[in-house]
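Colleague: Listed below are the residues making up each chain.
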Amino acid sequence: MLLSLAWRNIWRNKRRTLITAASVLFAVLFSSVMQSIQHGTWDHMVDNVVNYYYGYLQIQGKKFWDDRSIDEVIDRQTLLEKLPEGFKNSYPLVPRLESFALASAGNRTQGALMIGIDPEAENALTGLKGRISKGDYWQSSPEGILVGEGLAENFKIDVGDTLIFLSQGYHGANAIGEYPVRGLIHFASPDLSKTMVYLHLEDAQQFYATGDQITSLVVGLKDKEELPGAIKALHSDLDTATYAVKDWQEMMPELMQAKEMDTASANVILIILYIIISFGIFGTILMMTKDRQYELGVLLSIGMRRMQLFGMMWMEVVMIGLVGVAMGFLISVPLVKYLSLHPFQMTGEYAKAYEKFGAEPIIPPAFDWNIFSWQVLFVFVITTVLAFYPFWVIRKMKPVEAMRL
Amino acid sequence: MKPVIVTKGITKTYQPDTIPVHALRGVDLTIDEGEFVAIVGPSGSGKTTLLNIIGGLDRPSAGYIEVGGKDISKFSDNALIDFRRDHIGFVFQAYNLIPVLTALENVEFVMLLQQLPKEKRNQRAMELLHAVGLDDKVNKRPIELSGGQQQRVAVARALASKPAFVLADEPTANLDSVSTGQLLDIMANLNQEEQMTFVFSTHDQRVIDRAHRVITLEDGKIISDRKGHV
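Order-wise, the sequence lines are chains A and B.
Numbering-wise, the numbering used here puts 83 at position 83 of the first sequence, and it's gapless, one number per residue.
If you want the numbering used here, it's the 1-based position in the second sequence plus 1000.
A few of these clues could be false.
With a cut-off of at most 30 Å between alpha-carbon atoms, the simulated BS3-like pairs for lysine-lysine come out as follows [claimed, not checked]:
1. B/Lys1008 x A/Lys398
2. B/Lys1221 x A/Lys259
3. A/Lys396 x A/Lys14
4. B/Lys1227 x A/Lys398
5. A/Lys129 x A/Lys14
6. A/Lys232 x A/Lys194
Treat the hints as calculated values from the structure; they're not laboratory data.
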């Protein structure tokens, strides 16, 4: 009967109950949407950056990441032999040979990042072909190079012109080559645009005299959820003295730091939201307790124990909380689903900033059941903790004084 | 007759600010089983304070109070609550029924707190509502009942736990004369037929006229204790 009494009590003052439930509802709604947007924005940013070049996971020579030396290459065939069959069949593997070189045309010279790629595999991973703004993507023949639009502009060259490259090859060999430009690539980032040069992997291996060696093998994971399993498989089969397995977080620490900072500030906002909403809920509990002081005094008088009385009041708040979180959940889920399918389009300077980093200028909320579950749980816990306030009042309540009010 | 309530030298002093207020100044009183007692006196004479102390709702500043043979002034808070639930019935001026419960559920409520089985609770509640003439109102909520009917439900609730006595604080203050008459008839019947002890604090002459014993308080002291008209 106590449960039934509590349930009936909360509907005695429908307006107050609905206001409190609405506070809880909005807490769940706002926190879920905020978290979804925050997570989604970063997931989108990371996906963009990762898929633009690095990939989620790379296998490299042990010291390559730190030294960036062409001497830290690894034998492609040996590496492929060491990889477990299941792993090779599960993920696309994209080889690269990258190093620096001096590029020259006419009387101009500048540094460039030369990347030897397997055009088909690279395009499947990064969509490089789609970024060609002029020329073609090794469709008709394997010769020639693709250069960033910025680099072409610096040299005042166009498709069909030639660039000369000079560098140090494998084990100190001279590296000199002359390549016709077959296409220009659009990079949103001006820095990348001014330095990037793509060439066929075989051309790069010949230029640097590495033979069938590469500097990195990018593992084409579909998303970061596959990362732990892939890393685990590699660590158990690869010789860690020869190879380094780098995930996107190690390769892009600045992005991680930025994400952590943004997450920290989002959490501060979330805490402020929780505090504001807690005050709202607490205000109602306070009113509810104060308004019913007389009634509580009567119940104490006729023999209801303090713990029973508190249990009844606690159940009332918890029931309101349950109604609120259930409604919040039921509204948040379809709303976030809709927003994830129809993300906000950014315009103006924000859009330009996103495009500069090669990201699509949208804010796509992440649809993650964990976000809803945690927010529902967190708001519900806040409500149940606040519901202890009547305990404090009832503990000290004297029936005579309560009934005198 | 066996004494149900015994007080010796009860005093109660409130200290709302710096000046103490002496609500009771040494009250010695014995009420026997089956009595129908009215405590009267002007406002501020200490009637409600005495009733609160007898009912275990308040503790005396000094003195001895025995209810049903037990010194309740030494009871812990929970023991006192349980004692009130099992041994004392309360009827309040403002009825104080639980608004969300029906008349039947209101009467059952105290028995629920006593953890009596549902069937037993229901049976006794029906009997009590029959005794107060509300057989046809068992499923009505307080808001659907008149003041007099609500007070009769309150009497039924007070009797639900088969208490040693019923304390009624101004039970007729909000009732019209017809309802007052009906209520007093019911309580008088219960008193005569079941030897139920009733102690009222009242200003109402109609209640005083029906009391077997009238105790008059003034300035926290008993100034008269006489047999009633009946």
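Colleague: Now tell me if each hint is right for this structure.
Modeller: Okay, the hints, checked on the actual structure:
no.	hint	in the structure
1	B/Lys1008 x A/Lys398	24 Å, holds
2	B/Lys1221 x A/Lys259	78 Å, violated
3	A/Lys396 x A/Lys14	28 Å, holds
4	B/Lys1227 x A/Lys398	34 Å, violated
5	A/Lys129 x A/Lys14	62 Å, violated
6	A/Lys232 x A/Lys194	37 Å, violated
The structure fails to meet hints 2, 4, 5 and 6 from the earlier list, while all remaining hints are met.
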